[in-house]
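Enquirer: For reference, the chains in residue letters:
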Amino acid sequence: MKNSLTIAGKELAGYFLQPVAYVVMTVFLLLGGFFFFALLRYFEMTLAYSAAMQQNPEVLQQINLNQRVIEPMLHNLAIVLVILVPAITMRTFAEEKRTGTYELLLTAPIRTGEIVAGKFIAAAAFMLIMIGLAGIFPLILVAFGNPEVGVMFAGYLGLSFLAISFVSIGLFTSSLTENQIIAAISCFGLLLLLFVISWPAQAGGSSYADLLRYLSLPDHFAQMVTGIIDTRDVVYFLSVIFVALFLTQRSVESARWR
Amino acid sequence: MIEVKNLTKAYGNFVAVKDVSFKAESGSILGFLGPNGAGKTTTMRIITGYMPATAGTVLIDGLDIFSQSLEARRKIGYLPENPPLYPDMRVEAYLRFVAKLRGVGRAKIDSALEHVLEVCGLTDMAHRICGQLSKGYRQRVGLAQALIHDPPVLVLDEPTIGLDPRQIHEIRGLIHHLSGNRTVVLSTHILPEVSQICDKVVIIADGRVVLEEYLKKLPAGTSLEDIFLNAITKERHDDGATAEETLEEVGAGHT
Numbered sequence: 017m018k019n020s021l022t023i024a025g026k027e028l029a030g031y032f033l034q035p036v037a038y039v040v041m042t043v044f045l046l047l048g049g050f051f052f053f054a055l056l057r058y059f060e061m062t063l064a065y066s067a068a069m070q071q072n073p074e075v076l077q078q079i080n081l082n083q084r085v086i087e088p089m090l091h092n093l094a095i096v097l098v099i100l101v102p103a104i105t106m107r108t109f110a111e112e113k114r115t116g117t118y119e120l121l122l123t124a125p126i127r128t129g130e131i132v133a134g135k136f137i138a139a140a141a142f143m144l145i146m147i148g149l150a151g152i153f154p155l156i157l158v159a160f161g162n163p164e165v166g167v168m169f170a171g172y173l174g175l176s177f178l179a180i181s182f183v184s185i186g187l188f189t190s191s192l193t194e195n196q197i198i199a200a201i202s203c204f205g206l207l208l209l210l211f212v213i214s215w216p217a218q219a220g221g222s223s224y225a226d227l228l229r230y231l232s233l234p235d236h237f238a239q240m241v242t243g244i245i246d247t248r249d250v251v252y253f254l255s256v257i258f259v260a261l262f263l264t265q266r267s268v269e270s271a272r273w274r
Numbered sequence: 416m417i418e419v420k421n422l423t424k425a426y427g428n429f430v431a432v433k434d435v436s437f438k439a440e441s442g443s444i445l446g447f448l449g450p451n452g453a454g455k456t457t458t459m460r461i462i463t464g465y466m467p468a469t470a471g472t473v474l475i476d477g478l479d480i481f482s483q484s485l486e487a488r489r490k491i492g493y494l495p496e497n498p499p500l501y502p503d504m505r506v507e508a509y510l511r512f513v514a515k516l517r518g519v520g521r522a523k524i525d526s527a528l529e530h531v532l533e534v535c536g537l538t539d540m541a542h543r544i545c546g547q548l549s550k551g552y553r554q555r556v557g558l559a560q561a562l563i564h565d566p567p568v569l570v571l572d573e574p575t576i577g578l579d580p581r582q583i584h585e586i587r588g589l590i591h592h593l594s595g596n597r598t599v600v601l602s603t604h605i606l607p608e609v610s611q612i613c614d615k616v617v618i619i620a621d622g623r624v625v626l627e628e629y630l631k632k633l634p635a636g637t638s639l640e641d642i643f644l645n646a647i648t649k650e651r652h653d654d655g656a657t658a659e660e661t662l663e664e665v666g667a668g669h670t
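Chains A and B are the protein sequences, given in the same order.
If you count by my numbering, then the first sequence holds residues 17 to 274, one letter each, in order.
If you count by my numbering, then the second sequence holds residues 416 to 670, one letter each, in order.
Worth flagging that the hints you see were computed from the coordinates, not collected in a lab.
Predicted, not measured: the structure shown is a model, and the values here were computed from it.
Be aware that a few hints might be false.
Claimed, not checked - As a list, the in silico DSSO-like pairs of lysine-lysine whose alpha-carbon atoms are at most 30 Å apart: (1) B/550 / A/113; (2) A/113 / B/632; (3) B/420 / A/113; (4) A/18 / B/523; (5) B/632 / B/420; (6) B/550 / B/420; (7) B/438 / B/632; (8) B/420 / B/631; (9) B/433 / B/632; (10) B/550 / B/523; (11) A/18 / A/113; (12) B/438 / B/420.
In isolation and in its complexed conformation, chain A is listed as follows (with noise of 0.2 Å):
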């Protein structure tokens, strides 16, 4: 555990040394906001239209800031991740592979676990601060109208969640190649497979299209975002987190079998 903290402390202060996390967290704060001003600006449109059209109070009492501002935001964001997560994954073992510094790891007094735990706790800490900076939004919300605190508060745990599990399949990817661009390629096309999964299910209602559905990230995802936390979302997310990150140990090991 101390050597996994060692590794993680090291790898965030890392982030910060290259330029590349400022660029992913200017990239995700800009579209943030611009997602958030824009539909800020599309649900005043609406409040007003609606006001104008003298229609029935339970109507507007329906038009909330929650379903209109923060859950198409955070399904937004979530696409920005399938983006920008393997921008930052792409590094953490296959940099080291080929700069050298693997030898540095793999020769020290270490478990390969401590290794990926390490390495997974700063990239996930990395996320959190990434989605606790947006957490601006919601701020201005509850300072100028009445939002759901709740609400908003599940549908960023249910952010926070997808982040670390695209982390944990992008630190996958990376143990498997020296190549940066291979890691980030192959983690974008494992994280958009995630998304899509579930569109062959449209079609029946086999078994198979169950499995499909329940693979789906965003139908966990905006289950969260709605403000449900319901624990086979939250086992669906620690699964994922735990399997790739199995994986990564398994690859990263792999190098001393004979």
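Guided by the hints, dock chain B onto chain A, whose structure is given.
Expert: Frame of chain A; chain B shown alone:
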């Protein structure tokens, strides 16, 4: 003490190291010689536990590098062929990181750091960024990294490569000074280096050990260069050449 026992490493069909065995005693410096591509780096990577052997094993102070890997690795300080530096880190931060990884206690890190910085002539460089250092200084940081946990076994892959003559002199002096009761294995293809600082020489060619001998016991009046050239050309002509034959031949040539 390092005992290499019948080490074989195959990459697919290509056999890089064939049945290599030798012993490096505590308190001595072993020079590991061989032409490029002879299998020096592969052997050293196996000794340090970076890669597994296809067959055979290595004992580090009696600990098997495969079955007791963690304990064995704790005893080793290793300078790979390319110093394993993180280019964005500062020298001091880097060495602290390695110290923690190698299990130096929190209380001892400061003194260990100060010690290696001084010994490797890096005191003025502590706040420089690793990626911006010259080759010579990178090599020194690599050496400092291998020494920081005061290991009983040192494995150095071409420690003086890329250094200027003055630095080579210093590093050789340093290695000599370090040996004390440590076991040091260093690879090189600079022959005078071996005659100057090593106690024992192992010559490897084409993946096989062609000579393992104490420097003192080498025939008087023969230069290491002759022995080396003879050993590696012999290897090319006849795979069955033994160390004794090689020595006799060189000895005969000079008498």
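Enquirer: I'd like to know which numbered hints this structure contradicts. Please list them from smallest to largest.
Expert: Hints 2 and 6 not satisfied by this model.
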